[in-house]
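Make the full structure from the sequences, and use the hints.
One line per chain: the protein sequences are R and C, in this order. Those letters in the first sequence? Residues 1 to 293, by the numbering used here. Those letters in the second sequence? Residues 1 to 293, by the numbering used here.
I should point out that these hints are in silico values taken from the structure, not numbers from a laboratory. As the structure is a prediction and not an experimental result, all values here were calculated from the model. Careful, some of the hints might be misleading.
Intra- or inter-copy, both count: the list cannot distinguish identical chains.
[What the hints assert, rightly or not] Taking lysine to any residue pairs in the SDA-like style, the calculated list, with each CA pair at most 25 Å apart, reads:
id: 1; residue 1: K129; residue 2: F182
id: 2; residue 1: K129; residue 2: R265
id: 3; residue 1: K282; residue 2: E261
id: 4; residue 1: K72; residue 2: N23
id: 5; residue 1: K282; residue 2: G137
id: 6; residue 1: K282; residue 2: M266
id: 7; residue 1: K282; residue 2: L195
id: 8; residue 1: K72; residue 2: R92
id: 9; residue 1: K72; residue 2: T133
id: 10; residue 1: K282; residue 2: G170
id: 11; residue 1: K129; residue 2: M266
id: 12; residue 1: K129; residue 2: E185
id: 13; residue 1: K282; residue 2: P134
id: 14; residue 1: K72; residue 2: A35
id: 15; residue 1: K129; residue 2: S279
id: 16; residue 1: K129; residue 2: R274
id: 17; residue 1: K72; residue 2: E62
id: 18; residue 1: K129; residue 2: E54
id: 19; residue 1: K282; residue 2: D136
id: 20; residue 1: K282; residue 2: R271
id: 21; residue 1: K72; residue 2: G113
id: 22; residue 1: K129; residue 2: I275
id: 23; residue 1: K72; residue 2: T6
id: 24; residue 1: K72; residue 2: R107
id: 25; residue 1: K282; residue 2: D272
id: 26; residue 1: K129; residue 2: L270
id: 27; residue 1: K129; residue 2: T262
id: 28; residue 1: K282; residue 2: L270
id: 29; residue 1: K282; residue 2: D143
Protein chains: 2
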Amino acid sequence: MTRTLTVGLVQHPCGPDPASNLNSSLDGVAEAAAAGAELILLQELHRGRYPCFEEHPAHFDEAEPIPGPTSKRLAQAAADYGVVIVGSVFERRAAGLYHNTAIVLERDGSIAGTYRKMHIPDDPGYYEKFYFTPGDGGFDPIDTSVGRLGVLVCWDQWFPEAARLMALAGAELLLYPTAIGFAPEEPPDEQARQLEAWQIVQRGHAIANGLPVAACNRVGDEPAARFWGHSFVCGPQGELLATAGDQQQVLLARVDLARVETVRRMWPFLRDRRIDAYSALKYRFRDTLRGRF
Amino acid sequence: MTRTLTVGLVQHPCGPDPASNLNSSLDGVAEAAAAGAELILLQELHRGRYPCFEEHPAHFDEAEPIPGPTSKRLAQAAADYGVVIVGSVFERRAAGLYHNTAIVLERDGSIAGTYRKMHIPDDPGYYEKFYFTPGDGGFDPIDTSVGRLGVLVCWDQWFPEAARLMALAGAELLLYPTAIGFAPEEPPDEQARQLEAWQIVQRGHAIANGLPVAACNRVGDEPAARFWGHSFVCGPQGELLATAGDQQQVLLARVDLARVETVRRMWPFLRDRRIDAYSALKYRFRDTLRGRF
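Laid out in structure tokens, this is it:
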């Protein structure tokens, strides 16, 4: 028995004009839908250049509510093509309260759900802690007509806890809108290690949870970084199904959601988790009480 | 600043004679020590053929106490060569109470500590739940003269929780004695996916925790499987430092333990974990209360 889902990933560069960027995303949606995609994943904050390359209050002007202009355009596209779209919005939730939010549009144009990025990075060129309030909604998947989607965002991809909590809540697929790139001053061997690590840690989530994973990353040179693209889709054994390069691209992959059960019967990690011995995962570090819990 | 540690991994086949198998391990220890290894990792249950290919009470005769014959031979070797050895013992703890136990010998021949395998597999050819009581000691690293070692065993390698708990307790290196192989009836493409997944999930632990990882796996045909070898060592970005083939081999790698701090400053995942939102990791599945915790 198979249950095949065609997934489309849209990676593109972003320039200074938000309308043009959103058109790039929607052109990709159209192309993916025409090629048969039923679920389309966009890159992180695809409407704008990555705003966190500097800390400046003016960048909050780029934020918008949900529902808002971007979510409405995405909803219209979802309805027009009859596809589920996972988009990404710099969300203004209230004055002084902003999030990096993934939004899932159902094929009828309704909002299936949102996910507010839980893990917020902050390092040179990625000053996200200035802009994005950490999500307060936890790690809940979003139910759609194509399955229960474990939507996470970028920095979340480095945290096995996030993937596991989505799996435990019944996610059938993990999806990561992403914006990650090379710092220009890093030597080529370091750049290669970073790109490989980025892919491997996410393939590791696929394996540890017996779930397919799709990650969509932007491309192009911006003040923060040279975004490295390489969007990919892998199956529940971490096996690569499709990988993009570092240019604008619509990537398609056929994912068999039924294979999750086949793989988990062979590798029943959920059966063997030692839930009696994991309580220290809630600590920052096991120093003060190390060894005794 | 660097803090280099030379690690040796000893992978070999095991036949029906325990004394001969232990000699294979100790020959490998001698070879690794002569080549400069300060820390030597042996494969899982290296004194015997993998006993769990069938469920038969007679195999419990292969178990031994700690201290016992195997631990004493390993201790002598550790003292003779002045190295730290991570071995693996089918441990008889009491009548009817057996464990799959890793043992760490200090370079003076003393026992630095033991780790009783926490996650116990059970699938065709690997009937471990019949033999091995799940460890009750939790995930505590073992302090040695070469560093604080996060020793885990085989099936543990598929569980991000185990690696994370070791990292949170200050482990400087993750070490996995392993016995994993191909079922003969599996087609080549499935075998390739399994081997790659096995390596990637462990490299993922290295990346997620910013720690080097070493895994030592047996080789050779036995009733349970064709053990696939491919022992490897990777650094804290998951970058491969050394990889073995599928034959008897002593694998050496130089690991820079100081690079852990360099990498973690750039990728400060421990800083950004959402410990306020991880409580559901202690549940088997988030079904009855899904979405509300």
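Hints and how they fare:
| no. | hint | in the structure |
| --- | --- | --- |
| 1 | K129 with F182 | within (20 Å within a copy, 46 Å between copies) |
| 2 | K129 with R265 | between (41 Å within a copy, 16 Å between copies) |
| 3 | K282 with E261 | between (29 Å within a copy, 22 Å between copies) |
| 4 | K72 with N23 | within (13 Å within a copy, 70 Å between copies) |
| 5 | K282 with G137 | both (17 Å within a copy, 18 Å between copies) |
| 6 | K282 with M266 | between (30 Å within a copy, 23 Å between copies) |
| 7 | K282 with L195 | neither (29 Å within a copy, 32 Å between copies) |
| 8 | K72 with R92 | within (15 Å within a copy, 65 Å between copies) |
| 9 | K72 with T133 | within (23 Å within a copy, 56 Å between copies) |
| 10 | K282 with G170 | both (21 Å within a copy, 15 Å between copies) |
| 11 | K129 with M266 | between (41 Å within a copy, 15 Å between copies) |
| 12 | K129 with E185 | within (23 Å within a copy, 52 Å between copies) |
| 13 | K282 with P134 | both (17 Å within a copy, 22 Å between copies) |
| 14 | K72 with A35 | within (23 Å within a copy, 65 Å between copies) |
| 15 | K129 with S279 | between (28 Å within a copy, 23 Å between copies) |
| 16 | K129 with R274 | between (34 Å within a copy, 14 Å between copies) |
| 17 | K72 with E62 | within (16 Å within a copy, 68 Å between copies) |
| 18 | K129 with E54 | within (11 Å within a copy, 54 Å between copies) |
| 19 | K282 with D136 | both (16 Å within a copy, 20 Å between copies) |
| 20 | K282 with R271 | both (21 Å within a copy, 13 Å between copies) |
| 21 | K72 with G113 | within (14 Å within a copy, 60 Å between copies) |
| 22 | K129 with I275 | between (32 Å within a copy, 17 Å between copies) |
| 23 | K72 with T6 | within (24 Å within a copy, 58 Å between copies) |
| 24 | K72 with R107 | within (13 Å within a copy, 67 Å between copies) |
| 25 | K282 with D272 | both (20 Å within a copy, 12 Å between copies) |
| 26 | K129 with L270 | between (34 Å within a copy, 15 Å between copies) |
| 27 | K129 with T262 | between (41 Å within a copy, 21 Å between copies) |
| 28 | K282 with L270 | both (19 Å within a copy, 12 Å between copies) |
| 29 | K282 with D143 | between (27 Å within a copy, 23 Å between copies) |
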